[in-house]
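Chains as they are written, first to last, in the working numbering: chain A, 1 to 116; chain B, 1 to 115.
Mixed in with the good hints there might be a few duds.
Each computed DSBU-like pair below joins lysine-lysine, with the alpha-carbon atoms no more than 35 Å apart [unchecked claim]: (1) B:Lys57 / A:Lys70; (2) B:Lys14 / A:Lys70; (3) A:Lys55 / A:Lys70; (4) A:Lys73 / A:Lys55; (5) B:Lys9 / B:Lys44; (6) B:Lys44 / A:Lys78; (7) B:Lys57 / B:Lys44; (8) B:Lys9 / A:Lys78; (9) B:Lys57 / A:Lys73; (10) A:Lys78 / A:Lys55; (11) B:Lys57 / B:Lys14; (12) B:Lys14 / A:Lys55; (13) B:Lys14 / B:Lys44; (14) B:Lys57 / B:Lys9; (15) B:Lys9 / A:Lys55; (16) A:Lys73 / B:Lys44.
Worth flagging that the hints you see were computed from the coordinates, not collected in a lab.
Bear in mind the structure is a predicted one, so any value in this text is a computation, not a measurement.
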Amino acid sequence: AQTVTQSQPEMSVQEAETVTLSCTYDTSESDYYLFWYKQPPSRQMILVIRQEAYKQQNATENRFSVNFQKAAKSFSLKISDSQLGDAAMYFCAYRRARGGAQKLVFGQGTRLTINP
Amino acid sequence: NAGVTQTPKFRILKIGQSMTLQCTQDMNHNYMYWYRQDPGMGLKLIYYSVGAGITDKGEVPNGYNVSRSTTEDFPLRLELAAPSQTSVYFCASSYPGDRVVGELFFGEGSRLTVL
Numbered sequence: 001a002q003t004v005t006q007s008q009p010e011m012s013v014q015e016a017e018t019v020t021l022s023c024t025y026d027t028s029e030s031d032y033y034l035f036w037y038k039q040p041p042s043r044q045m046i047l048v049i050r051q052e053a054y055k056q057q058n059a060t061e062n063r064f065s066v067n068f069q070k071a072a073k074s075f076s077l078k079i080s081d082s083q084l085g086d087a088a089m090y091f092c093a094y095r096r097a098r099g100g101a102q103k104l105v106f107g108q109g110t111r112l113t114i115n116p
Numbered sequence: 001n002a003g004v005t006q007t008p009k010f011r012i013l014k015i016g017q018s019m020t021l022q023c024t025q026d027m028n029h030n031y032m033y034w035y036r037q038d039p040g041m042g043l044k045l046i047y048y049s050v051g052a053g054i055t056d057k058g059e060v061p062n063g064y065n066v067s068r069s070t071t072e073d074f075p076l077r078l079e080l081a082a083p084s085q086t087s088v089y090f091c092a093s094s095y096p097g098d099r100v101v102g103e104l105f106f107g108e109g110s111r112l113t114v115l
């Protein structure tokens, strides 16, 4: 079974600084997708960024980018120019590319605090 | 466009009571899911459905039941509520297809407390 591990329960960063959230995963498959979801205090789960494992290029979405290291099974999220609205729980998630009904496997989450 | 709608948003149950969490989506998604999120933890899959009339167990199905009579609705039934079922429940849906990098669309969650 696939597992996703986020080893940082909490992180904090000064506003406008850069922060990196870590995620590792375990799978025997070669084709899969990885996601970062944001959960603000409102509880709504919001997709931040996604990465297809067959793509070598790291995904970017505005201030959010990932460092995808397939051999190391590592998928970190970098947030640049942190803003107060970035404060939230961040979840890393894994999904098989074939079959599996698009079920996501989530990590335990990292709570990100932004200090003004 | 409402997306995924869950009701109720909050509920307190007594041990042994039963209830149904309602979930409906208006995006014509075939795939629907129920997750639970315990305090400080990630989401765990309870049940999922790939279409009307088809459901299957996820990682933590014990104590729950589901049905899928229409594409839009995917209710989650709790029978004989127990304190271990105190959690936040999320319904989600997605567009099907293996090669589709399917984003899951989540409801706002339902906080359930069993006392």
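Each hint tested on the structure:
no.	hint	in the structure
1	B:Lys57 / A:Lys70	30 Å, holds
2	B:Lys14 / A:Lys70	47 Å, violated
3	A:Lys55 / A:Lys70	10 Å, holds
4	A:Lys73 / A:Lys55	14 Å, holds
5	B:Lys9 / B:Lys44	19 Å, holds
6	B:Lys44 / A:Lys78	25 Å, holds
7	B:Lys57 / B:Lys44	11 Å, holds
8	B:Lys9 / A:Lys78	32 Å, holds
9	B:Lys57 / A:Lys73	27 Å, holds
10	A:Lys78 / A:Lys55	18 Å, holds
11	B:Lys57 / B:Lys14	25 Å, holds
12	B:Lys14 / A:Lys55	50 Å, violated
13	B:Lys14 / B:Lys44	23 Å, holds
14	B:Lys57 / B:Lys9	24 Å, holds
15	B:Lys9 / A:Lys55	39 Å, violated
16	A:Lys73 / B:Lys44	21 Å, holds
The structure shown violates the earlier hints numbered 2, 12, 15.
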